[in-house]
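As they're listed, the protein sequences go chains D, G and H.
Residue numbering for the first sequence follows the working numbering, beginning at 1 and increasing consecutively.
Residue numbering for the second sequence follows the working numbering, beginning at 1001 and increasing consecutively.
Residue numbering for the third sequence follows the working numbering, beginning at 2001 and increasing consecutively.
What the hints contain is simulated information worked out from the structure, not anything from laboratory work.
Among the hints, a few may not be true.
Derived Cβ-Cβ restraints for the label pairs, each shown as a range [as the list claims (entries may be wrong)]:
1) H:Ala2245 to G:Thr1127: 50 to 60 Å
2) H:Met2012 to G:Gln1070: 17 to 27 Å
3) H:Glu2228 to D:Lys173: 45 to 55 Å
4) G:Gln1202 to D:Lys303: 37 to 47 Å
5) D:Glu143 to G:Lys1007: 34 to 44 Å
6) D:Lys173 to H:Arg2315: 30 to 40 Å
Think of the CB as a built atom: it goes at the ideal place given N, C-alpha and C, for glycine as much as any other residue.
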Amino acid sequence: MGEELLTIDHLHTAFKHGTEYYDAVDDVSLKIHKDEILAIVGESGCGKTTLAKSIIGLHDLKRTKISGHIGFENEELVGASPAKFDKLRGSEMGMIFQDPLAALNPLMRVEDQVREVLDYHTNYSAEKKHKIVLELLDQVGLENPERVARQFPHELSGGMRQRIIIAIAIACKPELIIADEPTTALDVTIQAQILDLLRTIQTQNHAGIILITHDLGVVADTADEVVVMYAGQVVERGSVSQIFNHPLHPYTRSLLKSIPQADHPGDRLYAIEGSVPPLTKMPHDGCRFAPRIPWVPESAHEKKPTMHEPEEGHYVLCTCYQSFKFENGEAV
Amino acid sequence: MSLVEIKDLKVHYPIRSGFFNRIHDYVYAVDGVNFEIEPGQTYGLIGETGSGKTTIGRSIIGLEKITSGQILFNGKDVSTKRERKAVHYNRDVQMIFQDSLSSLNPKKRIYDIIAEPLRNFEKLSDTEEKHRVRELLDTVGLGDDDLFKYPFEFSGGQRQRIGVARAISTNPKLVIADEPVSALDLSVQAQVLNYMQEIQKQFNISYLFISHDLGVVRHMCDSMAIMHRGRFVELGTRDDIYNHPQHIYTKRLLAAIPDINVDQREVHRKHRKEVEKVFDTEQSRYYDKNGRVLPLQQISETHSVALPEDQVKGE
Amino acid sequence: MWKTILRRVVIMIPQIVILSLLVFILAKFMPGDPFTGSITPQTDASQLHALKVQAGLYDPWYTQYVHWVVNMFHGDFGTSYQFKEPVMAVIGGRAVNTLWLSLFTVILTYLIAIPLGLLAGRYEDTNLDRGIMFFNYVTYAIPLFVFLVLGLWLFGYVLGWFPSGGSISLSANGFFGNALSRLYHMILPGVLTALLSTTSTVQYLRSEIVDQKHQDMVATARAKGVPERKVFSRHILRNSLLPIAAFMGYSITGLLGGSVFVEQIFVYPGMGQLFLNSISNRDFSVITALVMIYGILALFGTLLSDIIMSIVDPRIRIK
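Same shape as in the complex, but just chain D:
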């Protein structure tokens, strides 16, 4: 494991609804190291994208309140000035988005969009920038970089566009890359290629990658460390084998159980009861997952859930994991 790259402590990100602020990210703490792929996994509305945008400073501060601590290379990012973020983004931090078509400017040629990163972070000459752009396009596996550089986004396939987004993200060899659902909009064969590419870049550049996804298969295939989020909170974190081989939190166990199994096709799938409460109706006290496992007695939960570390490096929120069993009595 490399040195520490990013430390998040007790982060709260709250959005304004009417006159009140509501925590979409509620007391999240985590760390990411160099040479590491950290996956943040959870279902829609669990706060994973909000967390990523807090790190890279993409929230509209008129409607968002961020408190807590985000340490990145000895700098505090909570409350950092827009100018500081402009300097960090693109050069020290890169971001990859879910929808590669929407993420590219339809009116600009590929070369201009990739070169823009270099424009703001380097003093290279025009020829050198041109050369670097072509190298980047080659590095992300695009054939015939010269031609692609002259094309517009709509002339390319989904996989090619995502490669260009990645080229933009890695143009200045950032230490930290945040990939928000980078393969959700792509076909499986393209997904596999893009995940391979991310891994290659991580080993070549010794970057730390935060991979945000709802796809447990992608996590199992790619991540080193895993953070499971539910309703704005981290409910479990640990190494990928800890999470997949010995999941503790009832939410993690329920999610894994609801995947269609290869050896039991057609059987009734496990479905989690109820649904995630909306942000404005989120309970403040108690275990947020409790209403979805109603057969577990109230005494099994903590009144104010805290993080526990039952094995080294494996954290879980609330005590309910200790006695949790599925309704049919199964443990896993």
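Based on these hints, arrange chains G and H on the given structure of chain D.
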């Protein structure tokens, strides 16, 4: 007799260009496919973006004009509008869409959304209609208090269940489900799939299940076809496809699914790279010189693959 | 690209033919004929009849139609009953006046509307935005003719800063003198009309910008470390101007038709005023010609918009 029989279905779109806008080529969206769906069966159509799987679904329900071929329903040809009308086809075949929000009219209440097909096809009294709508909502796990809400008041999973309720309201014999759970979270996906299966058992409905998700198709379908470039590369039972894939494209698709087993991931990755390499070097043998998928060869009673002829004999 | 434009022009031919048929039928339903204007109590009925025969007025309708179309191609729209002059001569001078006034108004409209829309969109939900939106509602609510009359009264009569009518001063001479006098006459009607024509452009541009701001593409630009100011000018601005550009073709040709209100109130001798005048004086040959010209202008407006779109948006392919 099978419920639906598709015979040599072709859907070609003209590409026009030049001064007189003349047709100078075609997009072969669907280019000669044959398959059958049995009553009460779930038939899977698997393919990547642009493979033509959605076009097949849309042609069967009549949203797409077919270029040639036949669609037989209970043995009767339903390729044209008039023929469809004669056999109450529009009542017997319904559809579930991927995007549950845009496929439900935002200005209508759930009660009216579900009642609409009933009003079109069945003459029910007001009390009968109310009773039927309640019954349908109950089948998909929604209660009476949801009757007069609007679509935006529901979560994605609930909306998709409403879509299912609407689709089964006329007691159809076939429901075409085009990526019904692709936009849903894992736990919600499980709910919707469970309801679809229960309904199938209860009403003996056939599904045409269109998806790019091989895991979900394996769970739902007994028989399936893999599509590529508008044609079938392989079709067979679940066991044929997942345990004995023969076509290089099927193998590649299967190898690309990320493995949930963390301990095996290096092995899995290596296997995937090997398959990918084989695909790169050998794919020309599996397609003709225009890139068209070869004709299907039957290799067992249930299993057909678009293999080069020498390979069939060689086995 | 030239091929497509040419094809579009060719497609316009049948559209123009249908238009001309409609206009011709309309004209035939109208009372009077080309000689009505020249009838005096002394006119001999048999002589008139001979003239009508000679002019082909008793020919079958299709011969007359072909005749009419052929004449139109030669710029002959007949004679105005009102002015006793060829229609083309009547329209000609006024078309030039209208052209100048509308160009001036269009340019002014965009000069006012685009910055206002940009500011409102960029500083969404601030007092500046609210101020601009208020201005917009006000200009939307005031009827144009009330505003024009008020403006004319205040600046034309009370303050006497601008002339209250006409398109050029009789005493103007020399190229610059003429041009200055023209401009001087256009300022008041142009500015007043432009002020009230900004509404839709401001509103549209503002919502385009607000919309673009939340696009992933803008997030990508920010994630590249592009400073906010540059994000705005390089990414948001150009994309937001697309629909405005698309609409420009229509609005240019639309205004060429001349504003009936402004020309009437300012006694500005342009096509709009002529149109109104011809209607009240039942000068049907002029009306027919004007309807035909407006129709063709509208068709060219669509073409112009399509061409502008294909230039500014690479996604619209014109091969």
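Gln1202 (chain G) versus Lys303 (chain D) beta-carbon gap, inside 37 to 47 Å or not:
holds (44 Å)
Verify the CB-CB distance for Lys173 (chain D) and Arg2315 (chain H) against the hinted window 30 to 40 Å.
holds (32 Å)
Taking the beta carbons of Glu143 (chain D) and Lys1007 (chain G), is their distance inside 34 to 44 Å?
holds (40 Å)
Just tell me: holds or violated, for the beta carbon distance of Ala2245 (chain H) and Thr1127 (chain G) against 50 to 60 Å?
Because 58 Å falls inside the window, the suggested range holds.
Within 45 to 55 Å: is that where the Cβ-Cβ distance between Glu2228 (chain H) and Lys173 (chain D) falls?
violated (24 Å)
Status of the given 17 to 27 Å range, CB of Gln1070 (chain G) versus CB of Met2012 (chain H):
violated (43 Å)
Hint violations for this structure: numbers 2 and 3, all remaining hints satisfied.
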